[in-house]
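Colleague: Given next are the chains, with one letter for each unit.
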Amino acid sequence: MAYTIEGNSGSWEVVVGLEVHAQVISKAKLFSGAATAFGAAPNSQVSLVDAAFPGMLPVLNGECVAQAVRTGLGLNAEIHLHSRFDRKNYFYADLPSGYQISQYEHPIVGKGVIEIELADGSTRQIGVTRLHLEQDAGKSLHDQHPTKTFVDLNRSGVALMEIVSEPDIRSPEEAGAYVRKLRSILRYLGTCDGNMEEGSLRADVNVSVRKAGEPYRTRCEIKNVNSIRFVMQAVEVEALRQIKVWEDGGEVVQETRLFDSARGTTRSMRSKEDAHDYRYFPDPDLLPLILDPAWVETLRAALPELPDAKRARFIDAFGLSPYDSGVLVAEQPTAHYFETVAAGRDPKLAANWITGDLFGALNRTSRSIEDSPVSAASLGALLDLISDKTINGKIAKQVFEEMVETGAAPDAIVQARGLRQVVDTSAIDAAVDAVIAANPDKAAEYRSGKDKLFGFFVGQVMKAMAGKGNPALVNDAVKAKLG
Amino acid sequence: MSLDQAAVRRIAKLARIRVADDALPQLAGDLNAILGWIDQLNEVDIDGVTPLTGAAQMTLAWRADMVTDGGDAERVLSNAPDREGQFYAVPKVVE
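For the record, the sequence lines run as chains A and B.
Going by numbering that gives the first Met the number 0, the first residue of the first sequence is number 0, and it counts up by one from there.
Going by numbering that gives the first Met the number 0, the first residue of the second sequence is number 0, and it counts up by one from there.
Simulated from the structure, these hints should not be mistaken for laboratory data.
Beta carbons are placed, not taken as given, at the ideal position from N, Cα and C, and that holds for glycine.
Heads up, some of the hints might be wrong.
As the list claims (entries may be wrong) - Distance ranges between label pairs, derived from CB positions:
1) A:Gln253 x B:Lys91: 22 to 30 Å
2) B:Lys91 x A:Ser121: 48 to 56 Å
3) A:Pro145 x B:Leu13: 23 to 31 Å
4) A:Glu220 x B:Asp3: 28 to 36 Å
5) A:Gln253 x B:Trp36: 33 to 41 Å
6) B:Arg9 x A:His141: 21 to 29 Å
7) A:Glu220 x B:Leu30: 29 to 37 Å
8) A:Leu140 x B:Asp20: 35 to 43 Å
9) A:Asp247 x B:Trp36: 48 to 56 Å
10) B:Gln85 x A:Asn194: 20 to 28 Å
11) B:Val18 x A:Pro145: 26 to 34 Å
12) A:Asn75 x B:Gln85: 39 to 47 Å
13) B:Thr49 x A:Lys26: 29 to 37 Å
Unchecked claim - In silico DSS-like links for lysine-lysine, alpha-carbon gap of 27 Å or less:
14) B:Lys91 x A:Lys138
15) A:Lys309 x A:Lys180
16) A:Lys467 x A:Lys441
17) A:Lys87 x B:Lys12
18) B:Lys91 x A:Lys87
19) B:Lys91 x A:Lys147
Just chain B, same shape as in the assembly (with noise of 0.2 Å):
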């Protein structure tokens, strides 16, 4: 698999990256070269190989179904480049 520079643009934009034009071949050539390695590591013959889901065996915690957490709007705000009294305001969106 490799990547031109029309999809590296694509996957630039889907990520909201913005990638001068003339920053994709650079881009292209250090995607491509992951992308071999990848299928440097997909030629390993895994057949009937449980997948490694993590290098401890652990698993999944649960939490149980308490409110252990929320009431503070400010909080969450406080990283908010712009509100209106306790909402994110954001450009407008309108679909």
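Only chain A is shown next, with the shape it has when bound in the complex (with noise of 0.2 Å):
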């Protein structure tokens, strides 16, 4: 069912692009030997390079480019072998060159694609039109002095990769599951941590409106949205914005806007009218970045196993669900628990256990699974002592909450609880008997008919062995007993 905003004059499309600023992993900046480590103290990361000293020259970081080819591999997109670097000429106190390094006509890789997949369990595909290659700029402090302006240049010169997508999103929730299948691939491939917090990942939000059957209408552009919630609020606010605009009699205006999250509203950045004129030319300190197309498929022949093949393999190997299987692979460590847990086990109980158990309890205690209190040997072995019957599904509960809490191992809480599941059937037989003994009178009405009771039988018994009962041997004894 297409997502479509119902205003005074019908019904109202949007169309949504969304252009990714990710932060490349790497030691060293893109065209400098300065360090790229988060939170350093002002200033200390900074080559004269970085610093724009005149006669400074940038060196390209061949790993900087060995990342952005590989996610472009990862992105199913065209490796650009001959790509070229341009300068991108804006004034500005944290970019001291008066120019970014980026590239404009010539990227490094070309169209791509990205599968999303939504709540009703549909996909879609949304194009990447390229990624190119650029350096991010200082680091503005506006709020720390009552007429100055702080500058740190940590972040001056670090690689970025800007990821563009073609408009070919149209509602708040396909944004928000492009920018989360982009982060996990990009976290599959090791090329950016995806930490939004951090910055290491921002979107610009491209918004417009129309009519079904209708030509794009002009469309703004929502500046540096650093979380995938406020991405999709900031599509649905902006969209209600340009409808109402429209259907005031008014004209949508090109512009650059900023979301602003306390209000849940976007504004107007005070529009320069020289912002858009970059004057971009070909950087004549840099050759063009020619690439070995042998080198290309070294780069190809490593990559990991995706999270489309991984879930693909998770439905088709282990029979699970395609749900399941995606909130499985969304996170390269979560799967990677799940293999571990399922290796010689049921998976469908294990992959039940982690989405159900195992993310309660991360919740809970407000940890990832990389430092899970349970880790998947143990959550594994818990599994183990349901399977060989040692403990029921039911007790299993009990111990693994035990494991969240002390870290102890399945067996050992089992053993100092005696947790044992019961299946010796004399002593079954004795509380089934005893049970009845007290409940004659329900007893008699389950022996003239009413089912229903079957249910609280079973239940006396298991409350009378503390819950240790073997359920399917408990359910012949009082079947048998009351027959």
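Need the complex rebuilt from these two chains, each delivered in its own frame; the hints are there to steer you.
Modeller: Written out as structure tokens, the structure is:
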């Protein structure tokens, strides 16, 4: 069902394209030997190249090129063996050279595609227009002093990949799914850590609206949106704003806007008339970037299994549902955890425990799966205790909670608490006899046809056995004794 | 292609160069002379000629991904007209 917004003049369709800036994982910057680590003291990771001292020349970091190519391959995109660096000229305090080295006419990566999965289980292909390499700017701090702006150039010159989508996105949900999927692919590839809080991944959101069947109308660009939730909100509030402008007889003007997350609105950035006159030209300090096709192939051969392939394998090899598979492959550590637990065990059971009890415990304790209180090996050992009938499923939940609390091994907990399941039929028979003896009227009702009471008897027997009875044996015994 | 005085004023502004109004005609004339010469070059038929990217047969040099620089804030701040602690300080820019 296509997403539309109902206005006074009928239904409106939303058209969205995203430009995502992804910080490349590398030790050193794109054109200098200064470090890229987050959170260092101001201006402590700056070379004279990054500070644009006169006469300093850029030298390209080969690993950043490799990372861009890996990302292009991961997006099923064309790799351009010839690309070029251009200067994008603009004046700002945190851009000391007065230009950003970017790739304008000839990006390193061309058209690709990202498949997104939606809540209703459907999938859509979103086109990627291009990916290019460029430098990040420095960081301005406007709130430290009444009349001055402070500038820290640690980020200046760090490699970014700008990944531009086609205007194929049609709803806030799809915009969120696109960023989530892109981030997942980048993390699998190890080319960007995807950390939106630290600014390693930021999105510029292009939004326009139109009536069904119309060509595109004027779009606005919302700059630097730094969380998936905000991307989705920004699409919605900007679409509503534009619909109101059109329906009030006005005209949407192409401009750059800011998303105000506190107010849930977008507002115009005081549009400077010169803002988009970048006067691009080829950077004369750098030769064209020529790649050897054999080198590209070695990178391709070393790519990890990506989320789409892994998801397909989880569905085929483990018989999981598409939904569960999607949840498990979204983050590589989760997929790895699952595969460790599922090895030699029931995959469906492993998936249920991970997406249910484990995710619940991680949420509750605010921990990630990488520092999970319950290791994959321990969860596996717990499942073994269920399958060899040492404990039943209900007791297993209790053992699991204690594993979360204490980090102890499941068999140690079962041992210490005496939770071993009772499979001794004489003990079960005795418990069933006692329950029937204590509830003669209910036993009579059951025998006269009130089948629903069966559950009552099983429950009472389990209670009497402190939950440790083997459920199948208890069922059998109750059936036999009441029959 | 030829530039009028308004275009020259705008180019100067983008480049953050202050040009007095009475200097604009002279500057426009100089720039137009350069553009005229480029127009003349543009008459050469270069269809099928690979662009010359340098006088020497060189390929773009790559550096290894190693941290070899930085760690000297004093040096990079040495030319700063103003600073606060380890930051550059500039007149407040508010968007």
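Colleague: Run the structure past the numbered hints and jot down the numbers of the failing ones, going up.
Modeller: Checked against the structure, no hint fails, so every one of them is satisfied.
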